[in-house]
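> Below are the chains, spelled out letter by letter.
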Amino acid sequence: MNSFFERRYVVAGIFITFILILLGRLFYIQVVDDRYFLFAKNNVVRRFVQYPARGPILDRKGRIMVQNEPVYDIMVIPKQVKPFDTLEFCKLLGIDTAGFNKRMLKARKYSPYLASAFEKQLTAEMYAAFQERLSEFPGFFPLQRPMRTYPDSSAAQFLGYIGEATDAIIKRSGGYYSPGDYVGITGVERSYEDVLRGQRGVENRLVDSRNVSQGSYADGAFDTVAVAGERLTSSLDLSIQDLGEKLMKNKVGSIVAIEPSTGEILCFVSSPTYDPNLLVGKQRGNNAAALYKDPYKPFFTRPVQAYYPPGSSFKPLSALIAMQEGVITPQTIYVCPGYYQSGNRRVKCFQGEVHGAVNLAEAVAHSCNGYFFMAFDKLINRNGGRKTDTSYNYWRSNVAKFGLGSKLGVDIPAEGRGNLPKASYYDKVYRKGGWRSSTVISLGIGQGELLATPLQLANIEATIANHGFYYKPHLIKGIGDKQVVKPEFTVRNYVGIDPQYFEPVIDGMQNVVDFGTARGSKIPGIVMCGKTGTAEVKGKKDNSVFVAFAPRENPKIAIAVVVENSGQGATWAAPIASFIVEKYLTGTLTKRGIDPNYYINSNLLPNLSPPKPVIKKLVPTDTLKKPVQADSARQSKLKSAANKKEQSNNPAVKQTTMLAKRKDNE
Amino acid sequence: MNNHQRSFFFNVDWITVLIYLALCTIGLFNIHAAVYDENHPHIYDLSTSSGHQLIFIISGIVIGSVILLLESRFLSALSPAIYVVTILLLILVLVIGRGVGGNQAWIDLGGGFKLQPSEFAKFATCLLLARYLSATNVKVTDTKSLMIAGGIILLPMMLIKMQPDDGSTLVFCSLILVLYREGLSSYFLIIGGLLATLFITSLMFEAWQVVTVVVIAAALLIFMLKRNRTMVLKLLIGTIISIGFVFAAKPLYEKALKPHQRARIDIVLGLSKDKKHVGYNQNQAKIAIGSGRVWGKGYLQGTQTKYSFVPAQSTDFIFCTVGEEWGFAGSVTVMGLFLFLLLRIIQIAERQRAPFSRIYGYGVASIIFCHVLINIAMAIGIMPVIGIPLPFISYGGSSLWSFTILLFILLKLDSNRMGMNWA
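Protein chains in written order, with UniProt numbering: chain A, 1 to 666; chain B, 1 to 423.
Source of the hints: derived by calculation from the structure; they are not laboratory data. Hints may contain errors.
Stated by the list, open to error - To give an idea of the chain B side of the interface with chain A (calculated C-beta under 10 Å), a few residues:
#, residue
1, L184
2, R293
3, L342
All C-beta atoms, glycine included, are put in the ideal place defined by N, C-alpha and C.
All chains should be built: construct the whole structure from the sequences, respecting the hints.
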């Protein structure tokens, strides 16, 4: 019977062989091949980015300018939805049944097991009503998201706005941002993006085969916690910011005020402005499109991007350089016959007004063009006519120390340089050696090719108030709870003028307000030193300019106001400046000769004609007849074209398109 | 009495019992891991599968003990009756059976108890086969005897196929090893192996490629054996039949199998890209096992099984939990235990004086081997998905009890091997 006894070994052999085959395969997939381990990890581990709250921005007194307000998205997990009162639900969310079905279908299509947004950005009131009845609607739950809100709706251009990261931003960030992330696009939101955004956290969560979260991976060993963005304290004073925005309503222009002792910007008005709340929430897209189409260009940050000729407001600076270089003294007298004879050219005082014998302070107070032409002529000719270009470049470098012709380095993006031409520019226009001091003499009174931003104008006043130095103007005075100040903002920038030369100039500036053209804007009890300026634009009204600082002793505020196409400097800019100064120094507005409501209610918006063709050809002409156009809208167009050539050609363009004369008798 | 009792306990093969208990315990812990969730953290929680399995194991031990206490001569005598009852149950299940996963395999006994007759058909068939083949006038080399033995195996097979339960049907094929041990010609095994190989290669390659290989192989063999004329003749006939089979394989495959079965096979053979996600489950099972690496992720740490990426993870795919949480070390342990058990059963079978016991022992070994082979091969993706439990480890009362009965009957026969002799 047991003749087949040896077959036990065959059967055992079959068992052993097959078990070894299985073990061999197991050895391969478990030990040799590592792919399966990765597959399994990818199956279950999902990275969830934790978004930190963006930092709020406060004004210098701690009032909130922008913060995060919670808005609520109603989320839905379709599989968890049970029958409920659909009609009531729709009423609470303000949608109709068709809309309900549409949303539900969309959510189901996305995933029956995962939460997706059913209705986005519920207002606080809607949410309150909904929340009370939440338990009646299983499967629905609210998700809180932070949204930027601006309680005062002010300082839009300063704050800037945030938006979804564009492809370019994502690429530049080296993968830090991903589509759908919000980043600062303009203003402080952009320049302080790194501190405002905080640190993102990562949570590694385990998910099951339906992608539903099942807890943290490796007990959170690889997770990082999100760190909220830093709080920024702005240098702005909301009370004068709001007043400034009111005063500039229905006007085109800017107000920039700086605290001379720190370089902190107190007021940063760009008009027309917009309500920053328009650029958040559901209507963001529509609102942004409408604002972009606005011919007055509310997104244009005029305080740092608009170029204006400084005009007469440049005269104090002109006087300071002349004294420092020793070509005049405070006692130098110029007998004004109503003009100045430069070489074989006769350049007139405004409307041929005869000032008679004036010293430096009187020349500032009466804005005598002749006196400053004389001083400029002496500077450019002091090494003889053959060395005009070197003398000119020397003068230019002295002016540049005040921050003209270059970026001051303010802490928001897209700051403009203004225009302070080099000798090489005139060499190009008039050929080398083909120009004399008389050719460029209008620069002596702040005109010709000279262009400055309102920020640069205010910074000059801060420098004069400080008797010879300035701090880099800035809009954020402290970062975080510790109020960290960027070290660059605590460095004194000396402009190379000795302190003793300032008093005679400041005497003249005090007289401008006490007895001169700006006497209507004198503030009772406050000594303000200022200077008016005006530039006439063809076909439009003059640009009104006023620069000042106050009080004379221990100055607290330096200010520059530009109101485009509005009239004389004394008419609009000076009173507006006086209200800001008074409000800042005293906290109130006293009743005096002028009423702020009149200025608030005045509409000075220029009628915008269709854009004129831009002529690119360079025409060498007398700079004196080439004055100045201060149409910031036009500048903005050029700027947005980002075409430097076009910009440097600008004076020539204006020359051909308009007649303008200087007006400087105020 | 006292003496009798001592010899009885002494005679039980305790090594096999220990392997049995070890496998059941491994099963219990892995079922717990497969169904684990924070709300039910305890392995003995009776509302979970692991709690149920604990009851099944305890009752299995009770059943096993009862079998050990039975008079073993009843088993041989009762085997026809057991077989007939099982066949009746298999017919009954086709009429009143409850469907699980498309199969009519269960009879509901009420009160949450269900019976799967196909599980019990295994030991019933083994018993009757052992009884028939152990009869003195029966020889497997005899065609008539072989036919009857084949009939005993084929009858339950066909009934189970009608449920349809491919896995269990396949298991009965393993009983060919029993016949082989009892004297079935080796040609059956060789030809069976050859046909299987030809079938699979015909599906994977073009017919002419396979035919070329067959012809070359046959030519070589004929050249080597040219002296032996009958052998050459046999080889020539075999070659011709093989070539015919190669060409018939594909049409046969497409006709005989249902689309879902073909899809499963196609994926394992790499014949089709897994467009319809048919292979998703199997792939996830493979990932689970492969991700365990050498030492595994640790008990209750398997992410694939815990987060339900693996289907049927406490029953047919229980080995995924073993592979994922215990790694290759766990695989070696489980496979080693099974191999040890199988070899031990062969050893037990061979030491029986009574042919009935020996034949039955081979039946037990074959059925357990077939289950292990199909189950593990399916889990690691070298066989199509065939629903079949891993003996002693997979969750389920019917499966555990039937394997317990299967094994403990052998232990009972073995414990009496001396007595049988003396009787």
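> If a hint holds in the structure, say so; if it does not, say that too.
Results of checking the hints against the structure:
no., hint, verdict
1, L184, "9 Å, holds"
2, R293, "6 Å, holds"
3, L342, "5 Å, holds"
Consistency with the previously given hints is maintained throughout, with no hint failing.
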